[in-house]
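Quick note, the sequences are listed as chains A, B, C and D, same order. Just so it is clear: in the first sequence, position 155 is 155 by the UniProt record's numbering, and no numbers are missing. Just so it is clear: in the second sequence, position 214 is 214 by the UniProt record's numbering, and no numbers are missing. Just so it is clear: in the third sequence, position 266 is 266 by the UniProt record's numbering, and no numbers are missing. Just so it is clear: in the fourth sequence, position 182 is 182 by the UniProt record's numbering, and no numbers are missing.
None of these hints come from the bench; they were simulated from the model. One or more hints might be untrue.
It does not matter which identical chain is meant; a pair holds if it fits inside one copy or across any two.
[Said to hold, decoys possible] Calculated pairs, DSSO-like style, for lysine-lysine (alpha carbon to alpha carbon, straight line, at most 27 Å): (1) 194 with 106; (2) 231 with 156; (3) 194 with 2; (4) 139 with 42; (5) 156 with 139; (6) 236 with 10; (7) 231 with 99; (8) 81 with 52; (9) 139 with 194; (10) 99 with 236; (11) 228 with 139.
4 protein chains.
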Amino acid sequence: MKLGLIGLGKMGFNLAQNLLSSGHETAVYDVDPAPGERLAGKGAIPVRSLQKLVEQLEAPRIIWMMVPAGTVVGNVISELKPLLSPGDVLIDGGNSHYKESMARAKQLDETGVHYFDVGTSGGTSGAAEGGSFMIGGSKEVFERIEPLFQDMAVPKGYLYAGPNGSGHFLKMVHNGIEYGMMQAIAEGFEILDKSDFDFNYEEVARVWSNGSVVRGWLMELAESAFAKDAKLDGIKGVMQSSGEGKWTVETAMDLQVSAPIIAMSLLMRYRSLEEDTFHGKVVAALRNEFGGHSVVTSE
Amino acid sequence: MKLGLIGLGKMGFNLAQNLLSSGHETAVYDVDPAPGERLAGKGAIPVRSLQKLVEQLEAPRIIWMMVPAGTVVGNVISELKPLLSPGDVLIDGGNSHYKESMARAKQLDETGVHYFDVGTSGGTSGAAEGGSFMIGGSKEVFERIEPLFQDMAVPKGYLYAGPNGSGHFLKMVHNGIEYGMMQAIAEGFEILDKSDFDFNYEEVARVWSNGSVVRGWLMELAESAFAKDAKLDGIKGVMQSSGEGKWTVETAMDLQVSAPIIAMSLLMRYRSLEEDTFHGKVVAALRNEFGGHSVVTSE
Amino acid sequence: MKLGLIGLGKMGFNLAQNLLSSGHETAVYDVDPAPGERLAGKGAIPVRSLQKLVEQLEAPRIIWMMVPAGTVVGNVISELKPLLSPGDVLIDGGNSHYKESMARAKQLDETGVHYFDVGTSGGTSGAAEGGSFMIGGSKEVFERIEPLFQDMAVPKGYLYAGPNGSGHFLKMVHNGIEYGMMQAIAEGFEILDKSDFDFNYEEVARVWSNGSVVRGWLMELAESAFAKDAKLDGIKGVMQSSGEGKWTVETAMDLQVSAPIIAMSLLMRYRSLEEDTFHGKVVAALRNEFGGHSVVTSE
Amino acid sequence: MKLGLIGLGKMGFNLAQNLLSSGHETAVYDVDPAPGERLAGKGAIPVRSLQKLVEQLEAPRIIWMMVPAGTVVGNVISELKPLLSPGDVLIDGGNSHYKESMARAKQLDETGVHYFDVGTSGGTSGAAEGGSFMIGGSKEVFERIEPLFQDMAVPKGYLYAGPNGSGHFLKMVHNGIEYGMMQAIAEGFEILDKSDFDFNYEEVARVWSNGSVVRGWLMELAESAFAKDAKLDGIKGVMQSSGEGKWTVETAMDLQVSAPIIAMSLLMRYRSLEEDTFHGKVVAALRNEFGGHSVVTSE
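Please build the complete structure, drawing on both the sequences and the hints.
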């Protein structure tokens with residue numbers, strides 16, 4: 001098939017390689033010309049504007065956005081909207097909030113453009129070699145773009161999930177689960193680390209990756225990480241987050257779901273951003289007040 | 001190799017099949033004669049007492065216990081101890097507390113018997129077809145029994161973890177991680193279930209099992225469970241636990257490790273055992289006291 | 001002083017009594033005429049419309065709203081806005097979201113009306129006999145209405161907190177703390193309840209209310225609740241919530257504050273609304289899948 | 001009454017003052033002679049050995065131990081045991097584990113000595129001026145020592161809780177609640193601290209201490225702490241713990257009580273002891289592995 005791809009960051013660049021290796025004719029655009037030029041060597045058609053991208057394709061077009069969620073997605077849509085024709089398909093493959101995707105789909109539907117919210121999982125390697133895709137949008141139109149997913153996903157690795165919003169909703173919850181699983185694995189290794197035993201974490205991650213109940217890709221990645229840095233001495237335990245975990249907790253609260261694991265995984269990430277905490281100071285001060293327990297003074 | 005196997009429950013029976021299919025000559029014992037007789041058809045040598053089991057084997061013997069942790073393990077060891085000879089190997093493949101295993105190893109060491117604490121993971125299917133083994137005990141003696149693990153484990157699926165206790169310690173922490181991962185997955189599906197979307201959970205578990213970041217055996221098992229009962233209508237959300245999760249949290253506290261995910265996973269299991277809670281009554285009563293908020297009365 | 005009071009529910013009715021007993025001339029309005037008529041006997045001036053309420057007062061007026069947060073507050077303001085004059089003071093004494101209060105203050109400021117967001121604590125008895133007030137709005141104008149708070153609050157029981165929003169922000173966080181304190185107390189009593197000892201909870205709450213570190217009003221209320229129903233047999237542990245706890249957690253997440261106690265207190269309230277949970281079903285199903293652990297079937 | 005007091009640390013010294021001011025004839029002993037000498041000025045009878053202490057008193061004696069839980073209590077009892085006579089009363093007013101107290105009571109009972117486990121709350125000021133006491137032991141013998149509690153406690157501030165163990169059990173749970181309440185209050189102030197508002201925490205603690213739902217001694221202590229150091233700049237948020245919170249969580253798990261607030265309060269204390277965490281490193285490493293998310297490197 002022929003399609004356009006907007007956004008050639010870590011994920012978009014790899015998706016482009018994935019598409020090109022499957023023989024899809026791919027026009028690519030990024031604000032930075034460099035990745036497009038590199039992809040040209042692999043058969044991509046780099047263009048230097050969204051207008052040019054649209055012109056490269058014949059209606060009904062298929063355009064895949066792989067740009068940062070939030071304002072960037074919004075800006076790209078605003079610029080694309082007047083250029084698109086009824087029947088065109090516009091795909092948001094990033095991590096947009098599902099409610100925003102629902103609103104965008106509704107808005108584009110008025111101009112006859114079919115919007116798809118597609119959650120993309122599998123990391124950068126999955127994007128390049130075969131990932132997992134959760135797809136929300138029109139069931140009927142989906143059949144038109146299904147061949148793309150057949151090529152980009154690992155076998156059984158895509159799902160038409162339902163109407164608009166369902167794709168990004170699934171991806172959001174997937175990320176919430178991911179937060180919980182990562183924190184569970186990480187707590188386990190911390191218990192090993194504080195124990196009196198002298199475990200080789202790479203070996204532990206390997207045995208847990210082979211035949212055990214907790215085997216899975218995250219454990220394999222742990223093995224890989226420990227192979228590079230046996231005790232992770234080179235990195236600090238600062239756990240950034242990019243929004244989907246928070247959205248999952250907010251959504252859980254809106255739905256009155258008790259989701260303590262996902263919530264605590266997020267809160268421990270926030271905790272990790274602090275060197276010291278105000279709540280800690282308050283508790284220490286209170287203990288001093290009632291029991292005369294000594295406090296650790298700051299220099 | 002030739003060895004004895006004590007305990008032919010779900011795990012032991014499957015391990016016996018695993019050993020027999022690899023050509024190991026296996027004398028088997030269980031208080032119930034039925035499973036031993038069934039295994040006889042597959043080449044096992046069923047015996048009707050621990051004494052007979054020991055007599056079946058020549059010193060230095062290898063005996064694998066696969067019996068319930070706690071008093072049963074203790075009783076079997078007490079009965080075996082006078083029957084064993086210096087140089088014999090006794091393996092506890094169950095879920096004993098690592099501190100108990102350390103004490104038992106020390107005690108048996110005085111009689112020259114080599115004790116191994118082996119954490120066995122992979123569930124019943126893993127026991128039968130290839131599991132994951134975490135092994136604590138003498139490194140030197142381990143080499144003598146290593147061929148067993150090469151046959152019983154999946155490739156890369158066994159680890160000599162260190163001195164006595166380390167095998168069961170690893171298995172304990174593995175189970176703690178398992179609690180957290182299961183609860184994370186389960187919370188995710190509950191959010192799906194309470195949402196306005198109409199997801200097919202089997203399909204969701206399938207797409208998450210193929211190419212996604214959260215792929216792994218537990219997600220595959222979720223797919224399998226939903227394939228049998230699409231909304232799990234047939235089962236209640238009562239989450240039993242068998243000890244290792246609790247031990248992991250206790251150990252974390254002893255080591256002053258903050259392990260909120262594993263702890264909350266355990267506490268939610270306890271919560272699930274209750275139809276109603278006393279803490280809920282207290283909070284409801286307090287809200288009524290200060291704000292006149294109505295309570296739900298019990299019939 | 002002379003003022004108008006809108007909303008004569010549990011809190012508003014008691015505030016009216018409080019104001020009247022301090023000699024404030026109070027015009028009162030509620031959609032239901034009954035509470036106003038009852039208050040007339042205590043000196044209130046009941047009116048039957050917001051228009052009449054405004055007419056009862058001379059500019060610059062002081063009007064206190066004590067109506068449900070959300071649409072009701074919004075509707076009352078919409079109806080009042082054209083009736084008010086520059087210099088009038090409008091107070092929202094309810095549990096509005098602080099961001100809504102900030103927006104309303106800005107909007108009313110354009111017409112010269114001074115808005116105050118006032119968090120009111122102390123429960124229904126506090127409203128009647130002396131509560132605690134957290135006040136956000138113009139510092140200068142505050143001095144004009146301060147005598148009201150001097151009369152309605154217990155000594156030291158009011159605070160000019162800062163610009164608009166700060167009053168309701170403080171009240172929101174106060175309620176988050178309240179959730180945590182209540183859940184902490186409630187968990188303590190559940191541990192007593194499951195123990196082998198046979199405690200008299202009323203007596204326990206009494207000794208903890210007198211001289212202990214955890215003494216405070218909530219513990220006194222626990223004593224009062226147990227005095228009425230020694231084991232709380234008559235009520236179910238369903239813990240409703242009315243929004244401020246959720247807002248506190250949402251705000252904590254927006255500010256990247258790790259607030260596990262407040263978050264878990266909220267999530268346990270949601271948990272208490274369920275007889276059974278989908279996450280429990282998933283965990284039970286997974287245990288059955290990998291280990292053959294039996295599930296509890298639903299009838 | 002006449003009694004002996006062993007242990008003149010922060011709590012014991014203050015209790016001695018309390019007893020002396022009520023006119024009780026008090027023989028006092030501590031390994032350090034200094035506090036006893038200071039108390040002599042207030043009427044105490046300082047002695048320089050446990051033997052001398054016992055000799056100062058006539059059978060049936062009353063002896064109150066106020067020494068560190070664990071080995072010190074054990075050692076004192078071992079030394080006292082041969083010196084005591086049947087009918088003597090020995091009180092442990094410290095924070096011993098209730099199971100240890102039950103075992104000690106049983107052991108002393110064999111020699112006819114009546115043991116009481118007494119939980120003492122109210123902090124150092126409470127010890128001096130009137131605290132809260134939870135008393136486990138023989139109901140009949142309790143009546144003999146009740147006058148002491150009538151004098152040392154605030155009104156209604158003591159409770160005969162039941163047989164041995166119940167006093168220290170109640171105190172343990174009290175401390176668990178205390179952990180949760182302190183953490184709840186502390187999280188609230190952290191949310192204030194990260195907000196855009198500019199609150200005066202001393203004033204906030206004051207208004208919350210007067211008339212609000214969350215009023216209580218801990219909030220008053222917060223006011224006092226902020227009065228000394230407005231933003232707690234001088235202290236670090238390191239939250240030590242001395243055992244009772246951990247015991248409460250362990251007990252909750254033994255009783256299968258879901259006590260997330262008390263558990264999380266404890267785990268956050270452990271978290272505060274770390275500058276960096278291994279679980280944080282693992283999560284950061286995993287994010288880097290699958291998504292190429294950058295990590296913060298350690299110097």
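Identical-chain pair category, residue 139 with residue 42, by Cα at 27 Å
Answer is neither; intra-copy 32 Å and inter-copy 52 Å both fail.
Pop the pair residue 139 and residue 194 into one bin, within, between, both or neither, using alpha-carbon distances up to 27 Å.
Only across copies: residue 139 and residue 194 sit 22 Å apart there, 52 Å inside one copy, limit 27 Å.
Quick one: residue 194 to residue 2, C-alpha cut-off 27 Å, is that within a copy, between copies, both, or neither?
neither (55 Å within a copy, 39 Å between copies)
Homo-oligomer pair classification [residue 52, residue 81; C-alpha up to 27 Å]:
For residue 81 and residue 52, only the intra-copy Cα distance (14 Å) is at most 27 Å; the inter-copy one is 53 Å.
At 27 Å max between alpha carbons, let me know whether residue 228 reaches residue 139 within a copy, between copies, both or neither.
between (44 Å within a copy, 26 Å between copies)
How would you label the pair residue 194, residue 106 (within, between, both, or neither) given a Cα cut-off of 27 Å?
Answer is between: at 23 Å across copies they meet the 27 Å cutoff, but 53 Å inside does not.
Up to 27 Å between alpha-carbons, please classify residue 231 paired with residue 99: within, between, both or neither.
between (41 Å within a copy, 25 Å between copies)
Treating 27 Å as the Cα threshold, decide for residue 236 and residue 10: within, between, both or neither.
within (23 Å within a copy, 40 Å between copies)
Please work out whether the CA atoms of residue 231 and residue 156 approach to 27 Å or closer within one copy, between two copies, in both situations, or in neither?
between (36 Å within a copy, 21 Å between copies)
At most 27 Å between alpha carbons: which applies to residue 156 and residue 139, within, between, both or neither?
Answer is within: at 18 Å inside a copy they meet the 27 Å cutoff, but 43 Å across does not.
Cα distance capped at 27 Å. Does residue 99 pair with residue 236 within a copy, between copies, both, or neither?
neither (34 Å within a copy, 32 Å between copies)
Of the numbered hints listed earlier, those contradicted by the structure are 3, 4 and 10.
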